[in-house]
Amino acid sequence: MVRAVNPDYTPHHPKWYRRRIPIFWWIRKRAYVKFIARELTSPFVAYAAALLLMQVWALARGGAAYARFLAWLQLGPVLIWHGALLIILLFHTVTWLNLAPKAIVLHVRGRRIPDAAVVAGHYAAWLAVSTFLVWLLVRGW
Amino acid sequence: MAESITIEVQRYRPEEQSQPSWQTYEVPFQPEWMVLDALNYIKDNLDGTLSYRWSCRMGVCGSCGMMVNGEPVLTCAAYLKGFTPGPIRVEPLTGFPVIRDLIGDMSDFLEKLSRVSPWIMREEEPPLSKGEHLQTPEQLAEYKGYSMCINCMLCYAACPIYELEPGFIGPAAIALAQRYNLDSRDQGAAERMKTLSDAEGIWACTFVGECSTVCPKNVDPAGAIQRYKLAATVDHFKSMVLPWSER
Amino acid sequence: MGRVKEPILWALFSGGGMVAALVLPALVFLLWIAAPLGWVTLPSYGELVELVRHPISRLSIFALASLSFYHWAHRFRYTLYDGLQLYHLNELIAVLTYGSATLLTLAAGFLLVAVV
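Residue numbers (the UniProt record's numbering), protein chains in the order written: chain A, 1 to 141; chain B, 1 to 247; chain C, 1 to 116.
Computed list of lysine to aspartate or glutamate pairs in EDC-like fashion (alpha-carbon distance at most 20 Å, straight line): (1) B:K194 x B:D235; (2) C:K5 x B:D235; (3) A:K29 x B:E71; (4) A:K15 x B:D108; (5) B:K43 x B:E32; (6) A:K34 x B:E163; (7) B:K43 x B:E26; (8) C:K5 x B:D198; (9) B:K194 x C:E6; (10) B:K238 x C:E6; (11) B:K81 x B:E8; (12) A:K34 x B:E71; (13) A:K15 x B:E163; (14) A:K15 x B:D105; (15) A:K15 x B:E15.
These aren't lab readings, by the way, just hints derived from the structure by calculation.
Working from the sequences, and respecting the hints, build out all of it.
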């Protein structure tokens with residue numbers, strides 16, 4: 001058998017191989033894609049917060065400005081974009097609430113509360129907050 | 001003639017090659033065989049030059065971890081029939097420098113493990129006449145999950161951050177730090193926090209969560225790290241509010 | 001930026017993530033989907049102005065907005081840092097992300113204290 005020889009090799013000296021990490025390492029595995037998708041919800045969170053401030057600002061500038069803001073919200077592309085925004089933010093909510101018990105470990109009388117109960121508590125809080133917002137903002141159907 | 005299955009093994013023999021290459025072997029397909037059995041068959045019957053680590057072949061020693069079709073697994077616990085019809089790609093664990101073929105260099109982990117003081121630390125040891133340190137089943141349950149770690153390094157191979165930032169202390173070492181922090185007999189949590197509250201400790205983790213998914217012993221290192229972050233944050237705010245109290 | 005402690009940044013990130021998770025879906029649905037489509041009727045202009053001027057509302061909107069901005073800053077910083085392997089730009093990315101969040105927070109504070 002003919003053996004190739006690596007000219008850079010020195011006997012009795014380890015010569016490790018380290019792979020180069022691809023720039024888009026996170027598209028190579030489903031779990032990594034999900035991870036990066038979860039992380040990329042953050043700009044949309046910031047957008048929603050900024051838009052809320054814009055709405056408050058429109059309110060502050062008077063009835064005409066507010067009416068213009070509402071008209072903008074009713075544009076077709078804006079509505080489609082905000083539908084997508086809702087889906088992305090729901091993804092944020094679900095991934096966030098499912099992972100919360102990993103950090104939050106609670107004890108009652110020395111006994112650890114099971115993770116499922118901590119998650120259920122978070123979902124209950126989500127329901128409560130959403131119900132409160134409906135109560136606060138909805139005047140009619 | 002029994003059925004056979006193709007195994008593609010990443011070879012790296014530094015005296016002969018500067019880049020790894022793939023070598024293909026045909027091994028008999030036995031439904032009760034694990035990937036490790038197939039590698040042993042290759043070593044015994046086809047190619048004695050293949051190098052890899054294994055010892056107990058029963059999921060306890062933690063030495064036979066490899067990437068099989070891109071996922072880190074204990075090869076002694078991965079049935080060939082889980083990868084039919086093949087071919088099965090076997091590579092060394094990612095994140096570690098390859099010494100030869102399927103063997104990675106674990107020295108980095110061992111150095112980091114020693115940094116988190118994975119033993120019971122006491123401010124002062126009570127005299128033997130005081131008897132043993134008693135522990136209730138509830139106190140045991142607090143840390144038992146983290147004590148199941150067999151140092152197989154699958155979590156390091158699953159963690160993209162460890163490969164990207166080799167300074168990161170990494171999942172198993174942090175889970176083992178928690179194993180001692182949460183032990184009612186231990187008093188070293190503050191000491192370990194100094195190492196782990198570093199940017200290369202818990203804060204480098206972005207909670208990909210794959211370490212917990214691949215762990216063959218359900219240690220949940222990702223959970224250990226997030227708990228640690230919360231504890232470190234609470235500690236930090238406490239020391240801001242009560243600066244005179246020793247953490 | 002290096003001197004700001006990680007626990008503070010992580011607390012802002014987690015607080016923002018939690019508040020956003022609990023509040024934003026309902027808010028987005030009601031304000032920007034259901035109301036423009038006429039599925040629900042919101043309070044009138046006058047009622048809304050009154051509602052927003054209430055001190056609790058001002059405080060809540062400020063908290064929601066600023067925590068959401070810091071949540072974005074922290075998460076996006078690490079997405080850029082690890083996702084694109086921009087280790088050499090660590091400082092710059094930190095200044096840009098946390099800096100933007102701070103500016104946006106100041107703007108939110110100004111809006112809710114002085115303008116509304």
